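Using the sequences and the accompanying hints, generate a full structural model.
Chains A and B, in that order, are what the protein sequence lines are. So that you can map any letter, position 334 of the first sequence is 333 in numbering that gives the first Met the number 0, and since no number is skipped, the others follow by simple counting. So that you can map any letter, position 349 of the second sequence is 348 in numbering that gives the first Met the number 0, and since no number is skipped, the others follow by simple counting.
Please keep in mind that the hints were generated in silico from the structure rather than gathered at the bench. All figures in this text were calculated on a predicted structure; none of them were measured in a lab. Using N, Cα and C, we set each Cβ at its ideal position, and we do this for glycine too. Incorrect hints may appear among the rest.
Stated by the list, open to error - Below 35 Å or equal to it, Euclidean Cα-Cα: the simulated DSBU-like pairs (lysine-lysine) are:
1. 34/B / 223/A
2. 304/B / 241/A
3. 85/B / 388/B
4. 223/A / 348/B
5. 263/B / 407/A
6. 304/B / 242/A
What the hints assert, rightly or not - Partial list, computed: chain A residues near chain B (C-beta under 10 Å):
7. 138
8. 208
9. 232
10. 234
11. 306
12. 401
13. 403
If you want the building blocks of each chain, they are given just below.
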Amino acid sequence: MDRRKFIRNVSYAGASGMLLSGLPLRSWAMPAALNAAINTSGNDKVLVFIQLHGGNDALNTLIPLDQYNEYYNYRPNIAIPADGSRKYINLDTTLSVENQVGLHPDIIDFKKMYEQGQAAIVQNVGYADMNLSHFRGRDIMFMGGDASDNFASGWMGRFLNEEYPGYPDAYPSAAMPDPVAIEIGNAMSLAFHRNNGIPIGFNVQSPQAFYDLITNVGVDPPIKFPDSHAGDELRYLMEFEKKSNQYAGRLKEVYEQGTNSSVVYPTTYPLNAPASSLNNPLSGQLKLIARLLAGGAKTRVFLCRIGGFDTHGDQVEAYDSTLGKHAALMYHLFSATKAFHDDLNQLGLGEKVLSLTFTEFGRRVYSNASYGTDHGTATPVFLFGNGLVPGVHGSNPDLSDLRGGNLKYAIDYRQIYTSIVNDWFQASSEGLNAAGFNDWMDSRIPLFGNSVGINTGKLNEAISVFPNPASDQIHVQFFSNKQIFINKICIADIRGSTLKVKEILHPVHSFERVSINIQDLPEGNYLILIISGEGSPATHKFVVRR
Amino acid sequence: MASYSLDPHSQLLDEKSAAHLLRRATFGSDIETTKAFAGLSATDAFANLTLQREIPKPPVDPKTSAPWTNPPLQNKAGNENSENDKLFNFFVAWHLDNMRTDGAHLRERMTWFLHSHIPVSIDVVNSNEAIYYQNALYRKYALGNLKLLFKKICIDNAMLRYLDGHTNSRDEPNENFAREMFELYSIGKGPQIAEGNYTNFTEDDIKAATRVLTGFILDKNFENIDQETGIPTGVLKTAFNGGVEIATRHDAGEKIFSAAFGGKVIKPLETSAGFATKEAAMQELDELIEMIFEQKETARFICRKLYRFYVYHEINPDVEHDIIEPLADVFYNNNYEFIPVLSKLLTSKHFFDADNAETADNNIGALIKSPIEIIMGSLRFFNVAFPDKETQLMQFYEDAYSNIIFKEIRQQGMNLYEPFEVAGYPAYHQLPGFNRNWITATNLAYRYQFSDILMNRRGNDNPGILLNILEWVENSGHIENPGDPAEIVTVLTRYLYPIEIVQERSDYFLHTLFLEGLAPATWTSEWNAYKNSDDNTVVKLKLEVLLSAIIQTPEYQLF
Numbered sequence: 000m001d002r003r004k005f006i007r008n009v010s011y012a013g014a015s016g017m018l019l020s021g022l023p024l025r026s027w028a029m030p031a032a033l034n035a036a037i038n039t040s041g042n043d044k045v046l047v048f049i050q051l052h053g054g055n056d057a058l059n060t061l062i063p064l065d066q067y068n069e070y071y072n073y074r075p076n077i078a079i080p081a082d083g084s085r086k087y088i089n090l091d092t093t094l095s096v097e098n099q100v101g102l103h104p105d106i107i108d109f110k111k112m113y114e115q116g117q118a119a120i121v122q123n124v125g126y127a128d129m130n131l132s133h134f135r136g137r138d139i140m141f142m143g144g145d146a147s148d149n150f151a152s153g154w155m156g157r158f159l160n161e162e163y164p165g166y167p168d169a170y171p172s173a174a175m176p177d178p179v180a181i182e183i184g185n186a187m188s189l190a191f192h193r194n195n196g197i198p199i200g201f202n203v204q205s206p207q208a209f210y211d212l213i214t215n216v217g218v219d220p221p222i223k224f225p226d227s228h229a230g231d232e233l234r235y236l237m238e239f240e241k242k243s244n245q246y247a248g249r250l251k252e253v254y255e256q257g258t259n260s261s262v263v264y265p266t267t268y269p270l271n272a273p274a275s276s277l278n279n280p281l282s283g284q285l286k287l288i289a290r291l292l293a294g295g296a297k298t299r300v301f302l303c304r305i306g307g308f309d310t311h312g313d314q315v316e317a318y319d320s321t322l323g324k325h326a327a328l329m330y331h332l333f334s335a336t337k338a339f340h341d342d343l344n345q346l347g348l349g350e351k352v353l354s355l356t357f358t359e360f361g362r363r364v365y366s367n368a369s370y371g372t373d374h375g376t377a378t379p380v381f382l383f384g385n386g387l388v389p390g391v392h393g394s395n396p397d398l399s400d401l402r403g404g405n406l407k408y409a410i411d412y413r414q415i416y417t418s419i420v421n422d423w424f425q426a427s428s429e430g431l432n433a434a435g436f437n438d439w440m441d442s443r444i445p446l447f448g449n450s451v452g453i454n455t456g457k458l459n460e461a462i463s464v465f466p467n468p469a470s471d472q473i474h475v476q477f478f479s480n481k482q483i484f485i486n487k488i489c490i491a492d493i494r495g496s497t498l499k500v501k502e503i504l505h506p507v508h509s510f511e512r513v514s515i516n517i518q519d520l521p522e523g524n525y526l527i528l529i530i531s532g533e534g535s536p537a538t539h540k541f542v543v544r545r
Numbered sequence: 000m001a002s003y004s005l006d007p008h009s010q011l012l013d014e015k016s017a018a019h020l021l022r023r024a025t026f027g028s029d030i031e032t033t034k035a036f037a038g039l040s041a042t043d044a045f046a047n048l049t050l051q052r053e054i055p056k057p058p059v060d061p062k063t064s065a066p067w068t069n070p071p072l073q074n075k076a077g078n079e080n081s082e083n084d085k086l087f088n089f090f091v092a093w094h095l096d097n098m099r100t101d102g103a104h105l106r107e108r109m110t111w112f113l114h115s116h117i118p119v120s121i122d123v124v125n126s127n128e129a130i131y132y133q134n135a136l137y138r139k140y141a142l143g144n145l146k147l148l149f150k151k152i153c154i155d156n157a158m159l160r161y162l163d164g165h166t167n168s169r170d171e172p173n174e175n176f177a178r179e180m181f182e183l184y185s186i187g188k189g190p191q192i193a194e195g196n197y198t199n200f201t202e203d204d205i206k207a208a209t210r211v212l213t214g215f216i217l218d219k220n221f222e223n224i225d226q227e228t229g230i231p232t233g234v235l236k237t238a239f240n241g242g243v244e245i246a247t248r249h250d251a252g253e254k255i256f257s258a259a260f261g262g263k264v265i266k267p268l269e270t271s272a273g274f275a276t277k278e279a280a281m282q283e284l285d286e287l288i289e290m291i292f293e294q295k296e297t298a299r300f301i302c303r304k305l306y307r308f309y310v311y312h313e314i315n316p317d318v319e320h321d322i323i324e325p326l327a328d329v330f331y332n333n334n335y336e337f338i339p340v341l342s343k344l345l346t347s348k349h350f351f352d353a354d355n356a357e358t359a360d361n362n363i364g365a366l367i368k369s370p371i372e373i374i375m376g377s378l379r380f381f382n383v384a385f386p387d388k389e390t391q392l393m394q395f396y397e398d399a400y401s402n403i404i405f406k407e408i409r410q411q412g413m414n415l416y417e418p419f420e421v422a423g424y425p426a427y428h429q430l431p432g433f434n435r436n437w438i439t440a441t442n443l444a445y446r447y448q449f450s451d452i453l454m455n456r457r458g459n460d461n462p463g464i465l466l467n468i469l470e471w472v473e474n475s476g477h478i479e480n481p482g483d484p485a486e487i488v489t490v491l492t493r494y495l496y497p498i499e500i501v502q503e504r505s506d507y508f509l510h511t512l513f514l515e516g517l518a519p520a521t522w523t524s525e526w527n528a529y530k531n532s533d534d535n536t537v538v539k540l541k542l543e544v545l546l547s548a549i550i551q552t553p554e555y556q557l558f
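As structure tokens, this is what we get:
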């Protein structure tokens with residue numbers, strides 16, 4: 000804030016937006032090296048993290064149809080019915096029996112996204128010794144750690160810190176003029192904390208209001224900070240003030256430049272639920288994100304949050320288990336994400352954005368007398384976007400193999416996040432290392448496998464080839480909604496000479512993975528060919544590097 | 000290597016120490032009180048902060064000009080009263096106003112500590128009476144005994160509703176309260192050493208405690224008054240079986256706890272027809288709390304909370320060893336009475352930064368204010384006039400609290416009585432930053448902007464609260480010579496900031512902002528001109544600009 004204007008600013012009636020100049024840059028001299036360290040990260044892909052606070056009841060979101068009776072017997076007072084006008088929706092009849100899932104009747108929007116190849120589910124996600132505390136459970140997954148870890152930083156914070164060196168002093172920069180990560184709302188979750196200094200995430204609620212606010216407050220900052228804890232806190236505060244000043248104008252500009260498309264975002268749950276559950280808490284957040292992106296924001300990660308999932312009681316209406324609090328939340332979540340991705344597609348941003356859900360744990364398999372469920376463990380993760388390999392990864396939870404009334408996990412959450420960091424963001428090895436996910440590379444879920452379509456003209460047939468670069472083995476992962484008849488898989492050099500052949504003597508099921516040993520191949524570029532009985536071979540390039 | 004000490008602070012308090020103690024132990028002090036406490040010993044100062052006094056009268060409904068919660072006269076709102084959500088606002092205003100008006104005393108601060116430690120949400124509880132009674136319970140034990148409070152809070156109506164205790168029954172247990180009781184409110188989690196084992200308690204302990212806690216229900220008419228507290232409480236659901244009162248929803252079986260609690264077994268001493276008697280069920284609850292508080296770790300957990308509330312947000316291993324551990328001893332050995340442990344902490348060398356010569360670890364001024372400290376602290380410092388609570392009730396509630404203070408609290412980032420999480424407002428528990436969680440770009444800007452609200456610089460017609468800074472400078476008695484601009488700047492910065500500022504900073508406020516580069520004599524002549532006329536335009540504006548500048552700084556965010 001310019002000090003002369005500050006003094007003369009008698010009334011706010013006519014206050015025009017004063018641009019901030021008051022920060023004495025001499026106090027914050029940017030080393031030349033940092034100036035040069037403009038981000039040149041792998042790509043500009045965006046991640047939207049949708050936090051479902053409280054622990055989502057997975058079993059009423061995705062009903063395991065192969066165990067419907069067991070499901071019903073465990074929770075008769077809240078089970079979604081198998082018949083009648085409010086029965087579950089069968090997601091995909093072509094899935095094998097042990098993977099068939101039913102959806103809550105109010106999330107038809109999810110089925111639509113799935114059928115358009117824009118959604119994926121990963122089943123039974125969790126981690127060893129899963130922690131049943133909201134705060135600890137959430138923090139563990141934000142940390143990217145094990146149940147016993149205690150990091151003061153989040154994996155996103157560490158990863159982004161690596162990709163954007165010199166934060167905060169080197170930003171905004173020409174290449175990254177926007178906040179690197181944005182947390183919608185007022186919370187400061189661990190997600191964007193780094194090991195040192197202020198978090199790399201920035202809170203945003205309303206860019207216009209924020210701008211008006213920031214441009215009318217503040218004076219010159221203190222020049223010297225006492226050598227005490229108070230001094231440490233002053234420094235911390237000043238970093239915030241500085242970032243606010245720097246981002247206020249830019250965010251307003253981006254917001255004004257951006258618009259949403261004509262897609263209508265949902266506002267209200269149309270059926271019965273408690274009054275406080277009826278309004279859609281997610282639409283506004285996603286709509287803002289779409290608009291900022293449309294306006295040119297280069298922000299890489301957005302975190303938004305909806306609460307109310309801790310349904311210890313009154314998860315459903317006593318007279319109809321398909322209505323009530325949880326139903327409304329399911330409706331809000333999936334109708335808003337569909338609107339969001341439709342909006343992004345209309346805005347030409349469809350290839351750029353991946354969103355996924357995050358919840359600290361699932362809920363107990365058996366219900367309680369209050370028409371609710373206590374804290375549980377494993378839970379599915381939902382992903383949305385055009386860049387996904389669509390389908391269902393993993394199979395239904397096993398209701399006969401519980402631990403303390405809770406589901407056992409099959410996939411560690413880091414198997415998903417590693418895929419995001421490595422395959423979606425195409426992180427450098429330093430970025431992956433900073434995130435802390437090196438150990439999970441080999442077991443990462445192939446969510447973004449470089450999709451190769453088999454020329455049979457059918458939906459949902461996709462093949463994923465990974466890892467790339469590869470060193471010892473190359474895997475071909477099938478995601479098919481029916482059996483595919485593959486003859487063989489060949490590896491050729493870039494001139495087309497066949498080097499290896501693997502015959503496939505049986506029809507390939509969905510989720511089958513074929514692995515080929517390539518240890519003897521020297522480093523270089525190769526082709527993999529997947530040859531089926533129908534149509535021309537699907538080919539994909541990959542690199543061997545050690 | 001740093002060393003810290005809880006040894007008593009032996010010097011008499013100077014102004015700086017007195018101000019520090021008052022900032023931490025109350026919601027803010029005015030200059031007069033700071034001066035009154037200067038020259039006292041730490042012990043005498045503490046004694047002043049904990050003098051016996053009456054509990055405040057309950058809130059009044061403007062519609063009936065009478066309280067609606069105050070057994071035995073009236074326990075609950077009736078048809079003649081305002082609506083539930085309006086009554087709730089009246090309660091919140093009353094709670095905040097207690098903080099504004101309780102003077103130099105620890106009780107409201109400790110009441111607030113208890114609320115921040117064991118929170119509640121109106122959304123879930125949906126009963127303004129229940130929340131009032133819980134607040135009254137906290138106030139009663141604020142300088143009393145934590146263990147006793149705990150026994151009451153387990154079956155408090157608001158708590159039974161908040162964490163589903165009222166649906167927890169022998170046939171269908173609900174773990175919500177038991178889990179958070181262990182993890183958040185009493186002993187806390189230790190490292191996870193095995194599946195379901197958090198060192199201090201296990202998942203099985205949660206299940207066992209859940210069973211001990213079965214059988215209580217809400218008393219929606221607030222008719223059951225606890226004999227010890229005089230405050231309505233939830234009750235055991237009972238029936239009479241041949242003359243014996245039995246707890247019909249209470250699990251009468253054996254509850255076996257883990258090695259973390261020495262394998263303790265809790266079971267009813269007396270049963271009838273397979274049910275525990277009422278006395279036996281109550282006795283089990285008592286035993287459960289005794290069991291938890293018998294663990295020293297409970298004392299440590301609470302002491303860490305107190306430390307972060309009163310001293311600094313970070314607890315390094317030296318502080319844990321030198322301060323928390325002996326503090327926990329005091330708390331534990333005094334059977335969880337608050338006064339001895341607070342006395343020990345607030346009269347210690349450590350508290351006054353007098354335990355070692357190192358300044359890098361000084362804690363004076365190192366806490367970040369919550370919105371309540373920003374707002375109440377400013378109001379208390381300047382003794383800002385409020386509409387009279389007796390004669391101007393509607394202005395008091397609507398103009399002052401509803402239109403201004405509630406809105407400010409929300410904008411500055413606090414969801415008062417509606418925390419998002421059952422652990423409470425993040426600043427009081429969220430790793431790693433604790434009170435740093437008050438700061439986001441938006442919150443910080445609204446905290447700065449509070450200066451506009453305080454002095455009504457936006458030209459509202461009917462501001463509920465208004466600081467006339469000119470009037471304060473002229474008549475408070477704290478500026479000896481208002482014609483001397485340096486004195487005004489010195490006094491304001493010395494008492495409004497918790498740390499000393501360097502000369503350049505002081506010069507910035509005086510020469511750059513206040514005098515706009517002109518000589519001090521220009522202010523003096525403006526002041527004299529004002530005194531000889533009725534025209535205060537210039538002096539009022541300049542003083543408002545100065546105070547705004549002082550408030551819109553990072554220094555003002557600390558206490």
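Against the structure, the hints come out as follows:
In summary, the hint linking residue 34/B to residue 223/A is supported, as the alpha carbons are separated by about 28 Å, within the 35 Å threshold. A C-alpha spacing of about 31 Å is found between residue 304/B and residue 241/A, which places the hinted pair at or below 35 Å, so the restraint holds. Taking the CA atoms of residue 85/B and residue 388/B, the gap is about 16 Å. The hint holds against a cut of 35 Å. Among the hinted pairs, residue 223/A with residue 348/B is consistent with the structure: their alpha-carbon atoms are about 27 Å apart, no more than 35 Å.
For the given pair, residue 263/B sits about 30 Å from residue 407/A by alpha-carbon distance, which is consistent with the 35 Å threshold. The suggested pairing of residue 304/B with residue 242/A holds, with an alpha-carbon distance near 31 Å, which does not exceed 35 Å. Hint status for residue 138/A: holds, given a least beta-carbon distance of 7 Å to chain B, under 10 Å. Among the interface hints, the one on residue 208/A holds; its C-beta lies about 8 Å from the nearest C-beta in chain B, closer than the 10 Å criterion.
Annotation: interface hint on residue 232/A holds; nearest CB of chain B at approximately 6 Å, less than 10 Å. This hint holds: residue 234/A has a C-beta 9 Å from the nearest C-beta of chain B, less than the 10 Å allowed. Given the 10 Å rule on beta carbons, the hint for residue 306/A holds: about 6 Å separates it from the nearest Cβ of chain B. Because the closest C-beta pair between residue 401/A and chain B is about 13 Å apart, greater than 10 Å, the hint is violated.
Interface hint status for residue 403/A: upheld, as the beta-carbon distance to the closest one in chain B is roughly 7 Å, under 10 Å.
Hint 12 alone, counting from the list given before, is not met by this structure.
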